[in-house]
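These protein sequences, in sequence, are chains A, B and C.
Residue numbering for the first sequence follows the numbering used here, starting at 1 and increasing by one per position.
Residue numbering for the second sequence follows the numbering used here, starting at 314 and increasing by one per position.
Residue numbering for the third sequence follows the numbering used here, starting at 615 and increasing by one per position.
Just so you know, nobody snuck in bad clues.
Derived list of chain A stretches under chain B, where covered just means 3 residues or more per stretch with a C-beta under 8 Å from a C-beta of chain B:
1) 131 to 139
2) 242 to 251
3) 274 to 285
In short, the hints are calculated from the structure, not lab data.
A virtual CB, placed ideally from N, CA and C, is assigned to each residue, including glycine.
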Amino acid sequence: MQDQVLQAFLIKRLAQAVVALLGVATLVFFIQHLAGDPTLLLVPEGATQEDIDALREALGFNRPLIVQYLDYLGGLLTFDFGRSIVQNVPVMTIISARLPYTLALAGGALIVAIGIGLPLGAIMGLKRGRWYARAAMGIALAGQSLPTFWSGILLILVFGVTLGWLPPSGARSGLSIVMPSIALGLLTMATFARVARTSVLDEIGKDYVRTARAKGVNTRRLFFRHLIRNGSIPVITVAALEISNLLAGAVIVETVFAWPGLGQAAIQAIAARDFLVVQAIVLLGAFASIGLNLLADILYSVVDPRIRLGRTR
Amino acid sequence: MTSRTTQLLASMLGRQVEPSSGLSGGRQRSWRPVLPFIIIFVGFCLMAVLAPVLAPADPDAQNLLGRLRPPGTDVRGETFWLGSDELGRDLLSRIIYGARVSLFVALLSVLISSVLGTVLGIVAALNRGVVEMLIMRLVDIVLSIPAILLAIITVAVLGPGLQNVIIVLAFTRWPRYARVAYGQTLGLVGQPYVAFARHLDVGTPRLLTRHILPNIIGPLVVVATLEFGLMVLFESGLSFLGLGVQPPTASWGSILSTGRNYVSTAWWIATFPGVCLFLLILSVNLIGDHLRDRIDPRSRG
Amino acid sequence: MTKFGKFSAKLALAAGVSLAVLATASTGAMAQPETLVIDLVNEPSSLDPHRQWNPDSYYVYRNIFDQLLTRTDDGEIVPNIATDWAYADDSSIIFTIRDDVSFHDGEALTADDVVYSIQRITDPDFASPQLGQYNQITGAEALSPNEVRVTTNGPYPALLAQLVKLSIVPQHYVEEVGNDAFNLEPVGSGPYAFGEWDRGVQVTVERFDDYWGEPGFFAAAEFRAVPDAATRVANLLAGEANLIVTIDPDLALQLDGADGVEPRFALTERVGYLKMNTQFGPTADPRVREAMAAAIDAQLIIDGLLGGFDAPTSQMLSPAHFGWVDGIERDGYDIERARALIAEVGDEALEPMSFATAPVFDQRIVQALQQMLTEAGFNVEIEMTDMAAYLARAQSAPEQQADMSFGRWSCACQDADGVLFPLLHSSSNWSTWSDEEMNGLLETARGTLDEDERMAAYEQVHNLVVDQVPLIPLYQAAILYGVDSDLVWQPTPNESMFLNRMSWAD
Chain A
1 MQDQVLQAFL IKRLAQAVVA LLGVATLVFF IQHLAGDPTL LLVPEGATQE DIDALREALG
61 FNRPLIVQYL DYLGGLLTFD FGRSIVQNVP VMTIISARLP YTLALAGGAL IVAIGIGLPL
121 GAIMGLKRGR WYARAAMGIA LAGQSLPTFW SGILLILVFG VTLGWLPPSG ARSGLSIVMP
181 SIALGLLTMA TFARVARTSV LDEIGKDYVR TARAKGVNTR RLFFRHLIRN GSIPVITVAA
241 LEISNLLAGA VIVETVFAWP GLGQAAIQAI AARDFLVVQA IVLLGAFASI GLNLLADILY
301 SVVDPRIRLG RTR
Chain B
314 MTSRTTQLLA SMLGRQVEPS SGLSGGRQRS WRPVLPFIII FVGFCLMAVL APVLAPADPD
374 AQNLLGRLRP PGTDVRGETF WLGSDELGRD LLSRIIYGAR VSLFVALLSV LISSVLGTVL
434 GIVAALNRGV VEMLIMRLVD IVLSIPAILL AIITVAVLGP GLQNVIIVLA FTRWPRYARV
494 AYGQTLGLVG QPYVAFARHL DVGTPRLLTR HILPNIIGPL VVVATLEFGL MVLFESGLSF
554 LGLGVQPPTA SWGSILSTGR NYVSTAWWIA TFPGVCLFLL ILSVNLIGDH LRDRIDPRSR
614 G
Chain C
615 MTKFGKFSAK LALAAGVSLA VLATASTGAM AQPETLVIDL VNEPSSLDPH RQWNPDSYYV
675 YRNIFDQLLT RTDDGEIVPN IATDWAYADD SSIIFTIRDD VSFHDGEALT ADDVVYSIQR
735 ITDPDFASPQ LGQYNQITGA EALSPNEVRV TTNGPYPALL AQLVKLSIVP QHYVEEVGND
795 AFNLEPVGSG PYAFGEWDRG VQVTVERFDD YWGEPGFFAA AEFRAVPDAA TRVANLLAGE
855 ANLIVTIDPD LALQLDGADG VEPRFALTER VGYLKMNTQF GPTADPRVRE AMAAAIDAQL
915 IIDGLLGGFD APTSQMLSPA HFGWVDGIER DGYDIERARA LIAEVGDEAL EPMSFATAPV
975 FDQRIVQALQ QMLTEAGFNV EIEMTDMAAY LARAQSAPEQ QADMSFGRWS CACQDADGVL
1035 FPLLHSSSNW STWSDEEMNG LLETARGTLD EDERMAAYEQ VHNLVVDQVP LIPLYQAAIL
1095 YGVDSDLVWQ PTPNESMFLN RMSWAD
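Produce the entire structure from the sequences given, and follow the hints as far as they go.
Take a look at the structure:
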């Protein structure tokens, strides 16, 4: 019975996901083409109209928009993401070179966000009402309030130039990932702090803690064991949901730190009107977002069978 | 993101976030801890409104021979209290006028996106079937695109500028509200009294104003507050990428993004707007967080 | 995935021996490294020299490939792959090809490779974005193993200047592996051979030991992509990069105060200018354009804003161009005259005017220009769009164009024809100016190889520009680099970056 429900749920959600991805592809395709094609960016200054027209034709941008769209969709069906007209390589070459860096940065940022966010959240829950609990919340939210293009350059100047502890930018050594991870991780630290606080408050409210407290028994070890067991699932789930936010935040962080991920590639491709590269990156981001949301929902239902999958949006 | 997270967490633990009884409901948490931040926020708002009165100089008036002067410098009888910027403009005046742009962009984009999103969310919840499907799939589509990327792609079409930035942000963010409004309304429609009211055919306006809006406004206000801080950040990010308001108009984001090239030679240009931005966003976030605690029954107590 | 494997290995290494890395990083600054690190803005779009046309690409590939001709640091066109050339008639020229050049794979470079390169870049089906620079060439043929005849469709005085940019590619290799593989693993005959392209991170080139000419000093060079100017400066200050491109004068001043690094600059062939819409809006009135010219204090912009690196000019050329005429001088800054002219025109001059620009241009200059025009009484609104939209608008029908736009023009050919013809001839899509006399002069200068006749025509063109103000030339732009002070290297007007002209000071 449960299996059938799960199956029906999955089929429905997968269908929705396909519709959404198709929608993303369509929406972004038409928005981008409204902005004009890249031909003028490719030619040297002073190119004549004939040269420009010839190049436009060679690149296929003189075809009716609907033809270009169908052509693109046709390619997508066979998982052909097309070629970059700027770099003259298949889009997949660009994506596959940069994806690992983006994933590594997302991972690094998660470690920072969780590493700082959870302790802050625990303080907020355990010491509720005290001033330092409020200060902890303030710190968590402060991280979310800094424009990364500013905090980024400050980090670079302090740790990269003045102190010389870390490479200022790039991805030449493994240490290069530290600063971008911090800049990006600070942005989502508050989310984890909040989750941790909720978990702690939940645990405190449980009967065994109350009873133990009433009896004056020290339950610290038991408490933390329970906390870790019950609290890890929400953290993992929120982490899954946060990844797609991190991908978006990475756009600016990667530019500042010259981190060779997809965000930086996306900015460059948008400016260069390299449509198919933008399409692929956006689709990948959408795919990740939809997939991780689905995963989070399934995770809930596994953890807590009381949640009926069919009702989740 | 965060409201969905809260909901999911709550649901995971077997408790749906109940439609709240509005801003005034339930046991109150004191406003005192966030009072300083409310004051900061109100202060910035006053600064924006009173800019022409407060600003000692024309924010766009340049003096190419008085560039990059440190705070307190006198140039031709004029004192640059916070120093001058890369074109010899009075930084203090630019920050005061910049408050207008930064707050205006955030306020208007939040207003437009929240109204649009709420209306569509309620419409979807009350018209289950094709309309619901169309709206909610569109919500899925827009939400799944990394927000800042969608904003950049759209600005590339419309061109930068105050008005376009607001349109772009509103267009990018409305689905947040739509999803919350939809979920909350769906929950309400299941409630007996709403079902009863619908059965009596009280008419849509009355249904909305009497039964639905008052009950869903709380969570929406929380989302809007948290979004406000994000919109300020987005505007500054777009400025950094050269896609914000048109020069020479000052916004905190635009001053900061030029100022970051001068961190080691003229620290004041980035520091003052940076601190203002930080305080503004932090205040709004703290106020939003506080509001959320008041409204979300789970974290109250 | 191999790349990620490599990256994880780096990560593991870093975790394990981070202290060691730190230690070597701090001592590494002492010894002069064998590998030169250069921070560009973006990674090259392409290393196929017949494809993309942008500095980030040609900074790299001009070291991997040899060009048919080259320029000295002083700008003189000198032999390179071609040792000698002679005009057979007005529309054909015979080049003698060097016979001691071999490609990185060991094959000899012959006249056939030169012919192939010309045919490839002019082949419409190949669709090179650079086609416009070579489309006057109608044919190329090998007369002997070391002689090539190039024919043009009539006299084409800028031909040699264009061939300075023509890289010679190996016919045997390109035909064997195809265009795509060639783009990924280019083989040339230059002083440096392609090493590795770590996409998004860096391109590495290695010294080619059998190079026929001046050998490279550095064993290798890395070209890295660092989009943010402030980050590039930080890299230079931290000793992570030895040479950085594209910084503005204020960032350059930051380097002045730091140890071991310095800004270095060259006056380029780029000219900053204000172009007006001469057909629609207030700027259709010549008095309005004259008033604008009088309202702009170019010297103040240069001294106050640009750190004095740039040089004022009254013609659309730099002294590095053929066609530069000494002594062309427009009336200087005179705000009273500007105001008087505006009063004479009346209300029409006070209408709001749009001022188009793009983020790649220095926004401080644009804002300063706007301020100067505002002070004279004009009502000017800056309209910044991204580069693609800016270019599209600049080439739209005149009634859709902005009232004025800021630009920095370079034909990368150092010949007046590449600047003045597209900007001022009525047939050009870059021009709103339509004047029979101007058209005639530009056509005369384009259609003859007689240098005196050309110079005479260009002198008249410059005078027409001063009199009728179809555009306002503002300044000859400097290009600024940040360099390690020990690096021996002089930037050039044509923005080249030849590694074999660089070395460490002793």
